[in-house]
Amino acid sequence: DTGVSQDPRHKITKRGQNVTFRCDPISEHNRLYWYRQTLGQGPEFLTYFQNEAQLEKSRLLSDRFSAERPKGSFSTLEIQRTEQGDSAMYLCASSLAGSGSNYGYTFGSGTRLTVV
Amino acid sequence: AQTVTQSQPEMSVQEAETVTLSCTYDTSESNYYLFWYKQPPSRQMILVIRQEAYKQQNATENRFSVNFQKAAKSFSLKISDSQLGDTAMYFCAFLYAGNMLTFGGGTRLMVKP
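Here the protein sequences come in this chain order: A and B.
Per the numbering used here, the first sequence runs over residues 477 to 592.
Per the numbering used here, the second sequence runs over residues 209 to 321.
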């Protein structure tokens, strides 16, 4: 297992365009999390899945954001009609469910989005 | 809601010296978990050390140790024998069962040769 993989590493897009990011978690982890990190700040929770079910969404996740995990494996995060304020690092993490999550999450390298 | 505060935006230390990073948190829960994560420049976040709130003994991982003061809601990280590879952003994080990892704002640590 190579850990949590995110693709692409970098994305530059024009304002108003749609973008989609992918995350492949550690295979035996059934929880998957999305966080957003702006420069010099700590990560902020966006949403998480247990298997294919999306169990919680942050108020930060506006209507332009949607996340899926169709078969309980990889996940995608789509941002529609991007705005300059969406520029950030988008981090994916995974963990085991239940008490397994108490051991912390394993993070991917992130996708850095720049909206111009 | 839980909050995590790191009051030192930036710190520096000479190679081989010891440095302590501060973290305070606010919670009404009694059973929770605390973490320090390291994020090197342009690299992924990795777990440095973990503390269970119901354990009084401070966690230690090689050169990294914590000073956990539950009553004071304080969780500091001590790095001994600092190495150039310790240069990174360090994030303190809080986890309560059933909730999400909540991070502090981070401390940028520079280890100088």
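Bear in mind the hints are in silico, worked out from the structure with no lab data behind them.
Keep in mind that a hint or two might mislead.
A short list of chain B residues far from chain A (calculated; beta carbon distances all over 12 Å) [said to hold, decoys possible]:
1. Asn239
2. Asn270
3. Met308
Across the chosen pairs, the derived CB separations fall in these ranges [what the hints assert, rightly or not]:
4. Ser534/A to Asn266/B: 40 to 46 Å
5. Arg485/A to Gln264/B: 38 to 44 Å
6. Phe272/B to Gln556/A: 37 to 43 Å
7. Ala279/B to Arg540/A: 41 to 47 Å
8. Lys547/A to Ala224/B: 46 to 52 Å
9. Ala209/B to Gly561/A: 19 to 25 Å
10. Gln277/B to Ser481/A: 16 to 22 Å
11. Glu528/A to Gln277/B: 37 to 43 Å
What you are looking at is a predicted structure, and each value in this text was computed from that prediction instead of being measured.
Note that CB positions come from ideal geometry on N, CA and C, so glycine has one too.
TODO: If any of the earlier hints don't hold here, list their numbers in rising order.
DONE: 1, 3, 4, 10
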